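Peer 1: Sequence:
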Amino acid sequence: MKTHHYQRLLQYVKIDGHSSVQPGNSDQYFYLKRTDGVVQIFKSALKNTWPRQLTYFEEGVDGYKASPDGKIIAAIVNFKGSEHNPIALIDATTGSWVMAVQFDGAQVGSILWKPDSSAFVFRSNHENGKDFQIYEYRLFESDIRLLVPSVGWAFPIAFSPSLGKLLYGQALSNADMNLFLWDFTSGTSEIVTPHQGQISYEAGFGRTDNELYVLSNEGSDFHKLYHWDLESGKKQPLGPSIDWELSGLEISNCGRYILYSANEEGYSSLYLIDAWLNNELPTPETKGIISAYSFTQSMDIMFCYDFPKRSSEVYLWSWAHAESKQLTWSSYQGLMPHEFVQPELIEFESFDGLKIPAFLYLPKNYKRGKSIPMILHFHGGPEAQFRPNFYKHFQYFLELGIGICAPNIRGSSGYGLHYMSLDDYKKRMDSVQDGIELARYLMDEGYTSSDQLGVMGGSYGGFMVLSLITEAPQYFAAACDVVGISNLVTFLKNTAPYRRALREAEYGPLSDEEFLKSISPIYKMDRVITPLLVVHGATDPRVPLNEAQQVVEALQARNRAVEWLYFEDEGHGIRKLENQILYYDKMFQFFSKYLLP
Numbered sequence: 111m112k113t114h115h116y117q118r119l120l121q122y123v124k125i126d127g128h129s130s131v132q133p134g135n136s137d138q139y140f141y142l143k144r145t146d147g148v149v150q151i152f153k154s155a156l157k158n159t160w161p162r163q164l165t166y167f168e169e170g171v172d173g174y175k176a177s178p179d180g181k182i183i184a185a186i187v188n189f190k191g192s193e194h195n196p197i198a199l200i201d202a203t204t205g206s207w208v209m210a211v212q213f214d215g216a217q218v219g220s221i222l223w224k225p226d227s228s229a230f231v232f233r234s235n236h237e238n239g240k241d242f243q244i245y246e247y248r249l250f251e252s253d254i255r256l257l258v259p260s261v262g263w264a265f266p267i268a269f270s271p272s273l274g275k276l277l278y279g280q281a282l283s284n285a286d287m288n289l290f291l292w293d294f295t296s297g298t299s300e301i302v303t304p305h306q307g308q309i310s311y312e313a314g315f316g317r318t319d320n321e322l323y324v325l326s327n328e329g330s331d332f333h334k335l336y337h338w339d340l341e342s343g344k345k346q347p348l349g350p351s352i353d354w355e356l357s358g359l360e361i362s363n364c365g366r367y368i369l370y371s372a373n374e375e376g377y378s379s380l381y382l383i384d385a386w387l388n389n390e391l392p393t394p395e396t397k398g399i400i401s402a403y404s405f406t407q408s409m410d411i412m413f414c415y416d417f418p419k420r421s422s423e424v425y426l427w428s429w430a431h432a433e434s435k436q437l438t439w440s441s442y443q444g445l446m447p448h449e450f451v452q453p454e455l456i457e458f459e460s461f462d463g464l465k466i467p468a469f470l471y472l473p474k475n476y477k478r479g480k481s482i483p484m485i486l487h488f489h490g491g492p493e494a495q496f497r498p499n500f501y502k503h504f505q506y507f508l509e510l511g512i513g514i515c516a517p518n519i520r521g522s523s524g525y526g527l528h529y530m531s532l533d534d535y536k537k538r539m540d541s542v543q544d545g546i547e548l549a550r551y552l553m554d555e556g557y558t559s560s561d562q563l564g565v566m567g568g569s570y571g572g573f574m575v576l577s578l579i580t581e582a583p584q585y586f587a588a589a590c591d592v593v594g595i596s597n598l599v600t601f602l603k604n605t606a607p608y609r610r611a612l613r614e615a616e617y618g619p620l621s622d623e624e625f626l627k628s629i630s631p632i633y634k635m636d637r638v639i640t641p642l643l644v645v646h647g648a649t650d651p652r653v654p655l656n657e658a659q660q661v662v663e664a665l666q667a668r669n670r671a672v673e674w675l676y677f678e679d680e681g682h683g684i685r686k687l688e689n690q691i692l693y694y695d696k697m698f699q700f701f702s703k704y705l706l707p
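This note's numbering puts the first residue of the sequence shown at 111, with every later residue one more than the last.
Calculated directly from the structure, the hints in this document are not laboratory data.
Note that the structure is predicted; figures quoted are calculated from it, not measured.
Check the hints yourself; a few may be wrong.
Just the calculated beta-carbon pair ranges, DEER-fashion [claimed, not checked]:
{"id": "1", "residue 1": "Leu692", "residue 2": "Leu620", "range": "29 to 39 Å"}
{"id": "2", "residue 1": "Asp253", "residue 2": "Lys703", "range": "53 to 63 Å"}
{"id": "3", "residue 1": "Thr145", "residue 2": "Gly444", "range": "17 to 27 Å"}
{"id": "4", "residue 1": "Phe294", "residue 2": "Gln699", "range": "49 to 59 Å"}
DSS-like cross-link-like pairs, simulated, lysine-lysine; straight-line CA separation at most 27 Å [to be verified]:
{"id": "5", "residue 1": "Lys480", "residue 2": "Lys465"}
{"id": "6", "residue 1": "Lys344", "residue 2": "Lys334"}
{"id": "7", "residue 1": "Lys537", "residue 2": "Lys627"}
{"id": "8", "residue 1": "Lys157", "residue 2": "Lys181"}
{"id": "9", "residue 1": "Lys703", "residue 2": "Lys474"}
{"id": "10", "residue 1": "Lys124", "residue 2": "Lys397"}
Think of the CB as a built atom: it goes at the ideal place given N, C-alpha and C, for glycine as much as any other residue.
Construct all of the structure, not just a fragment, from the sequences and the given hints.
Peer 2: Here it is in structure tokens:
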């Protein structure tokens, strides 16, 4: 017989949501939703017709891109979390499909359709497992060809209005990239953005092949919007002055209207610009996270929106009438969203005076000054950011009386290039010290105590977990490491070849093995006194399973309290519903055992 705890857990875990919306033809749209435990593609219409499930893949899809005419969908099909996924072509009317791209042992992504829907391009490391090059799949010929040979990490961005050129990017690190133009006639590439230092771009074409709209942080700590004349080289600022990070550039087919979002302390503000007049147009007021926005054929804006107390939904915004309409409705399994907790944005001072932002979630009816069980949550990346999306497991922790504090320590994105660079290479342990200072802050302010404080995180967040319980074990009563890095030497040696150069740019080169060992938690396991839960996926190509096995074996050999949960059919994260239930059940029981009275 299942316990009340387990039944309550199922209510939270089974809350659904709607993500990655894409408009189809004038009436239809597509989105992702989990059904039968995996993520599938659904189709619906603006006339509020009943949604239709289009895909029934055993392990769901990792992503998709609908053709401009809305007739065909190119879907990246999941395979045990390995990220070695094929691309299927799906008839948006009948749901029938064929497997179009099958590169054994290779990754695919960045699908971009040709405006006439006759072909799409995509990136893959098919040639050598390391370098991402750009391929083209032509529908009528049903063939694949290597289009743009490249080294490093190349990815397609946009076709020019004449269809004679392809704009593509090449990532040099997570903070540095170049833009190139591929000429279909000559079969040659031209670099558009030769530069010094670290600069990143988002870009797309305007009305002609010689004009771009660009988000760039060239000469600035934050990205700004520019109109760029490629013939003259002149760059003209566009839009209002915004001292926050800008991203998510979308350009209308006519090249006149531009959408982008500002990341204001983790929350989204959407901006719509008439580029010809340099006027700002109305957008919906939100206090959450906007994603997957784009223009419909009728020039409305379709987007996904969620916030801490509500799961992601699809909305339609008519900027001509300044009206929004909700198109999807999630099931909350009998739970009451209005009773969920909204976080408070706080700030604490780290060891060197740097101000660090964090989102603090406190249980309902919490009284200031009362010490309660608390968990620090660290995001992955490290060049990523915790944002106040809807986290159903957070809300269950809060119901149990356990608070959550999710910081954006130095090195996080969203706060400018300088802040993001503060943990690079030899400065790695400064970010760990931020975590220690947060623990001290929460205890000094009376929120929690060392026998009530836990820590959890995934991927790089797992590295933070292991670092904290080896650098400051006296502060933590329980810890959970999910797909985390324990040994930077073995991590860099064993991570997928296509990721190694980007990771070395962040953590340091393998040639500096002495330093990498000095900051790797695996060499400090003698210090661990905190009970630890380790969770991993067997097919993880990013942080290989050995990173977890090393920790478990080291702690077991020392008779330390360690629990071990891994999944044969998961990769870098726990995605399938049946596995999520096992994972969350284990995690809740683990933290309840060590943190609750």
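Peer 1: Could you run down the list of hints and mark each one as holding or not?
Peer 2: Against the structure, the hints come out as follows:
1. Leu692 with Leu620: 29 to 39 Å: holds, 35 Å
2. Asp253 with Lys703: 53 to 63 Å: Holds - the Cβ-Cβ distance for Asp253 and Lys703, about 57 Å, lies within 53 to 63 Å.
3. Thr145 with Gly444: 17 to 27 Å: At roughly 19 Å between Cβ atoms, Gly444 and Thr145 fall inside 17 to 27 Å, so the hint holds.
4. Phe294 with Gln699: 49 to 59 Å: Holds, since Phe294 and Gln699 (Cβ atoms, about 58 Å apart) stay within the stated range.
5. Lys480 with Lys465: Roughly 25 Å separates the two Cα atoms, so the pair holds.
6. Lys344 with Lys334: holds, 15 Å
7. Lys537 with Lys627: holds, 14 Å
8. Lys157 with Lys181: Cα-Cα ~19 Å, so holds.
9. Lys703 with Lys474: holds, 21 Å
10. Lys124 with Lys397: holds, 24 Å
In this structure, every one of the numbered hints holds.
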